[in-house]
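S.K.: Listed here are the chains, written in short residue letters.
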Amino acid sequence: MNAICLSFHLHQPFRLRTYRFFDIGDNHYYYDEFQNRSIIKRVATRSYLPANQVLLELIERHGKQFRVSFSMSGSVIEQLEMYAPEVIESFKTLAKTGNIEFLAGTYSHSLASLRSKEEFERQVKLHSDKIKQLFNVKPTAFRNSELLYSDKIGTMVADMGYNVILTEGAKHVLGWKSPNFMYCNDVNPKLKVLMRNFQMSDDIAFRFSNKGWSEWPLTADKFAGWVNALDPKFEVINLFMDYETLGEHQWADTGIFDFIRSLPATILKKTKYSFRTPSELAAKLQPVSAVKVPYPISWADTERDLTAWLGNDLQEDAFDNLYSLLPLLKDCSDPDLLRDWNYLQTSDHFYYMSTKWLADGEVHKYFNPYPSPYEAYINYMNVLSDFKLRIERTGGKPGNVINTPEVAAEAESKKPAKAKKAEKHLSTKKTETKKTAPKTKEKKK
Amino acid sequence: MFGWEFPPHISGGLGTACFGLTKGLAKYNTEVLFVVPKAYGDESEEAVRILNASDVPIEITNKVVQQFWDKITLLEVGSNLVPYVGPEEFEKLSSKESSKTETRSEILPGMRFEFSGKYGTNLMEEVARYALVGAVLASKNEFDVIHAHDWLTYSAGVAAKHATGKPLVVHMHATEFDRSGENINHEVFQIEQMGMREADYVIAVSNLTRNTVIERYGIDAKKVFAVHNAVEPADKSDWHHVRAAVDEKIVTFLGRITYQKGPEYFVEAAHKILERDPNVRFVMAGSGDMLNKMIHQVARRRLGSRFHFTGFLRGDNVDRMYAMSDVYVMPSVSEPFGIAPLEAIRTNVPVVISKQSGVSEILVHALKVDFWDTEALADSIYALLNYKGLNKMFHRYGKAEVDNLKWENAALKVIDVYNKAVYG
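Chains as they are written, first to last, in our numbering: chain B, 1 to 445; chain Y, 1 to 424.
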């Protein structure tokens, strides 16, 4: 069997607003609602909606020969529900074709798999429930945040009942081996492992519009030619990329949509390959060998390791502080606290603190709302300090915490005049917050 | 090279910067004749040959010089004329000088002028005489490029250029706007502008200063290059054992207490922090024309028990102050470069600096805020006091970063400018 496994990933973090230490203990709203809304709307318009339309057409044209898989973080789903519900509808339409597989993952797009089995499992369940609720399917294949994988992560995933996982075809773990075969977990061979062909994936995701690239412009014909030139024994080419590649990272005027539109027909006509999803492949392909991954790998940067998120003291301190709260959250039942707990674990917060300025630094900067990693760290730590205070004060029970800007405003008006005067210098900030305060605080689900 | 002072006889940072640069140049076999108004004989000549302007007989044969002399003698000395010098030193210097006020004598061919080489009340006269000497020295020595440091020596540089036709590079360590805000001394401004117009190339100590030179002085951007200062390697480890005798953490402002250094933003940030956390002490070290106003502001905010003034610090006390500090803050409104934060970092004290400083262009491991954004300033200070990840990072990378700011690298860029000046 010769298959292309085309898998798209959707994720947007809940970016934090500028949160000063004055806000600690006083204002419990953390998010930059304006930024989050404008980015998700822009990405929906430029990328998700037109890309979904293209995929729908392709499925109608090619039927069962064209299948793709999606992974969507809980946080992007929530943002779409809030700001661009038409995208959710569009995915439901796609799902109905039966050619789409939705992958399981962590709800928060977190790094929890590196720290706590219980928390990891909680988030995976939360995510799986959300997918079931939206698309009425229970995911059977797993894609961890940032394609994080190690032998240990693999066994946790297998224990949760998944039989296949997607990860990076990192050179330093594959060595001479090719990513274009099915592998399995080194400890639990029941878990099959698909390794991303980063060369061919990044030809599309990163290099597509780069006019300095020797292969520019990339066409479907050229790509099919590369596929044909591969060793015929290869079983699967794993093309995993951000869905934002279509239309956002590569703008429409680069021709990316035309490329995707013509790729399936060209591949199906000129090569022996067809398009398959991870679960189909897991059912059909036997692993050629186990892949040994003692230390976690990811799809980030040239190192394909954790250093984009946990590579310096800022990141490690923030990460340690975050997960030191785990015991406090054991009995937490306050939905507001739980929501913030989910959002604060998103890997992007740690990515913003990266100090890898050279080489990969350019990519880091592009995705970074902060002028420096130090500011990212300070802002995050301020928020985390307030979050910790809230748990300590309420014991995680609902009803005790002032959390919405509306309630905060109400509490403000009840404050004695003297206290108000003392905080006069903060008043401008507060008004701003109130203005941009979303009506988001209604209970999700 | 025309300078105003040279170690060990220095009142400010100009001499130190010149010394560092000449040592850097020497590494690349650039010979430097360094002219100072007054040489004491114990200057370090490891990298330069010192020429003493006081030894040079003045000959007024050059018409340009004569015209220039006539024009410049009308100037009076104001207070903020000198870069890198604290007002204390200035006061001290000028009071010493003022006791021997002398009427300016006619210049007779062949006479010598004993320069004070200080920044006294007859500074302008010295500046003018120095220009005359510049022309004389230039015609009697072999060299390829004239390099003049700050406005005090621009007249000498220009005179030397006119006397020899050799290319002139002027070096802006500080502009009149940095020293005086908007209340500039117009005569000084004009000397600066004249010097830069006459110069073939202008070197500015930062991009910030480069922009000032282009925008405020109307100098052609094509001939202005930014070359950031560096620091001499120094071992400050002796001070590591010094601890403050109080339990609270100490946040320090150290510098002239003048409008340009932004002391009021420091007080406001202190106020914001102390409202939330009384377990911090703030220290304002230095003095200046805004000191009393700052004391009033602290009293009005009722911060007295947590906010301290040390007065002017010198020598070891400066190092001791750094060593006792947990955070160093430089909220300058306008700072052409700013050596002080580098000193702090070398003592392993993390810094918050304003984005309106030249040094912020080259430091990566520092927190940077707009000087007017006291919320961001307070937030940065608070973070440095409370979040240990920052201290670890600064400890690990900050000192190494500063130690890598080498004068050799600055010298290479200066040599590039020389080559442009000489070979076009």
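Check the hints yourself; a few may be wrong.
[As the list claims (entries may be wrong)] Coverage of chain B stretches by chain Y, computed from C-beta distances (three or more under 8 Å per stretch; other residues unrestricted):
no.: 1; segment: 16-28
no.: 2; segment: 147-160
no.: 3; segment: 278-289
[Stated by the list, open to error] Derived DSS-like pairs: lysine-lysine, alpha-carbon spacing no greater than 30 Å straight-line:
no.: 4; chain 1: B; residue 1: K132; chain 2: B; residue 2: K284
no.: 5; chain 1: B; residue 1: K152; chain 2: B; residue 2: K130
no.: 6; chain 1: B; residue 1: K117; chain 2: B; residue 2: K171
no.: 7; chain 1: Y; residue 1: K388; chain 2: B; residue 2: K356
no.: 8; chain 1: B; residue 1: K152; chain 2: B; residue 2: K292
no.: 9; chain 1: B; residue 1: K117; chain 2: Y; residue 2: K388
no.: 10; chain 1: B; residue 1: K222; chain 2: B; residue 2: K211
no.: 11; chain 1: Y; residue 1: K388; chain 2: B; residue 2: K388
no.: 12; chain 1: Y; residue 1: K27; chain 2: Y; residue 2: K222
no.: 13; chain 1: Y; residue 1: K355; chain 2: Y; residue 2: K222
no.: 14; chain 1: B; residue 1: K397; chain 2: B; residue 2: K125
no.: 15; chain 1: Y; residue 1: K413; chain 2: B; residue 2: K330
no.: 16; chain 1: B; residue 1: K388; chain 2: Y; residue 2: K249
no.: 17; chain 1: B; residue 1: K132; chain 2: B; residue 2: K397
no.: 18; chain 1: Y; residue 1: K399; chain 2: Y; residue 2: K223
no.: 19; chain 1: B; residue 1: K284; chain 2: B; residue 2: K177
no.: 20; chain 1: Y; residue 1: K392; chain 2: B; residue 2: K388
no.: 21; chain 1: B; residue 1: K356; chain 2: Y; residue 2: K420
no.: 22; chain 1: B; residue 1: K117; chain 2: Y; residue 2: K392
no.: 23; chain 1: Y; residue 1: K406; chain 2: B; residue 2: K356
no.: 24; chain 1: Y; residue 1: K38; chain 2: Y; residue 2: K23
no.: 25; chain 1: B; residue 1: K211; chain 2: B; residue 2: K356
no.: 26; chain 1: B; residue 1: K356; chain 2: B; residue 2: K397
no.: 27; chain 1: Y; residue 1: K388; chain 2: Y; residue 2: K166
no.: 28; chain 1: Y; residue 1: K355; chain 2: B; residue 2: K356
no.: 29; chain 1: Y; residue 1: K140; chain 2: Y; residue 2: K249
no.: 30; chain 1: B; residue 1: K64; chain 2: B; residue 2: K152
no.: 31; chain 1: B; residue 1: K171; chain 2: B; residue 2: K284
no.: 32; chain 1: B; residue 1: K356; chain 2: Y; residue 2: K23
no.: 33; chain 1: B; residue 1: K356; chain 2: Y; residue 2: K392
No lab work stands behind these hints: they were computed from the structure. Because the structure is a prediction, the values reported are computed rather than measured. In this text, a Cβ means the ideal position worked out from N, Cα and C, and glycines have one as well.
S.K.: State for each hint whether it applies.
M.R.: Here is how each hint holds up against the structure:
1. 16-28: As far as the segment 16-28 of chain B goes, the hint holds, because 4 residues have Cβ atoms under 8 Å from chain Y.
2. 147-160: Coverage by chain Y is violated here, the residue count being 0 at a Cβ distance below 8 Å.
3. 278-289: violated (count 0)
4. B:K132 - B:K284: holds, 25 Å
5. B:K152 - B:K130: holds, 25 Å
6. B:K117 - B:K171: holds, 27 Å
7. Y:K388 - B:K356: holds, 20 Å
8. B:K152 - B:K292: Roughly 10 Å between the alpha carbons, so the hint for K152 of chain B and K292 of chain B holds.
9. B:K117 - Y:K388: Measuring from Cα to Cα gives roughly 27 Å; hence the hint holds.
10. B:K222 - B:K211: Given pair K222 of chain B, K211 of chain B holds - Cα atoms ~16 Å apart, limit 30 Å.
11. Y:K388 - B:K388: This hinted pair holds, its Cα atoms lying about 17 Å apart.
12. Y:K27 - Y:K222: holds, 28 Å
13. Y:K355 - Y:K222: holds, 24 Å
14. B:K397 - B:K125: holds, 22 Å
15. Y:K413 - B:K330: Measuring from Cα to Cα gives roughly 60 Å; hence the hint is violated.
16. B:K388 - Y:K249: It holds: about 23 Å lies between the C-alpha atoms, which stays within 30 Å.
17. B:K132 - B:K397: At roughly 28 Å apart (the allowed maximum being 30 Å), K397 of chain B and K132 of chain B satisfy the hint.
18. Y:K399 - Y:K223: violated, 33 Å
19. B:K284 - B:K177: holds, 21 Å
20. Y:K392 - B:K388: holds, 22 Å
21. B:K356 - Y:K420: violated, 36 Å
22. B:K117 - Y:K392: The given pair, whose Cα atoms are some 29 Å apart, holds under the 30 Å limit.
23. Y:K406 - B:K356: Holds, because 23 Å separates the two Cα atoms, which is no more than 30 Å.
24. Y:K38 - Y:K23: holds, 20 Å
25. B:K211 - B:K356: It holds: about 25 Å lies between the C-alpha atoms, which stays within 30 Å.
26. B:K356 - B:K397: violated, 40 Å
27. Y:K388 - Y:K166: Given pair K388 of chain Y, K166 of chain Y is violated - Cα atoms ~55 Å apart, limit 30 Å.
28. Y:K355 - B:K356: holds, 22 Å
29. Y:K140 - Y:K249: Answer violated: K140 of chain Y to K249 of chain Y is near 59 Å, above 30 Å.
30. B:K64 - B:K152: Roughly 35 Å separates the two Cα atoms, so the pair is violated.
31. B:K171 - B:K284: Roughly 25 Å between the alpha carbons, so the hint for K171 of chain B and K284 of chain B holds.
32. B:K356 - Y:K23: violated, 33 Å
33. B:K356 - Y:K392: holds, 16 Å
In this structure, the earlier hints numbered 2, 3, 15, 18, 21, 26, 27, 29, 30 and 32 are contradicted, and the remaining ones agree with it.
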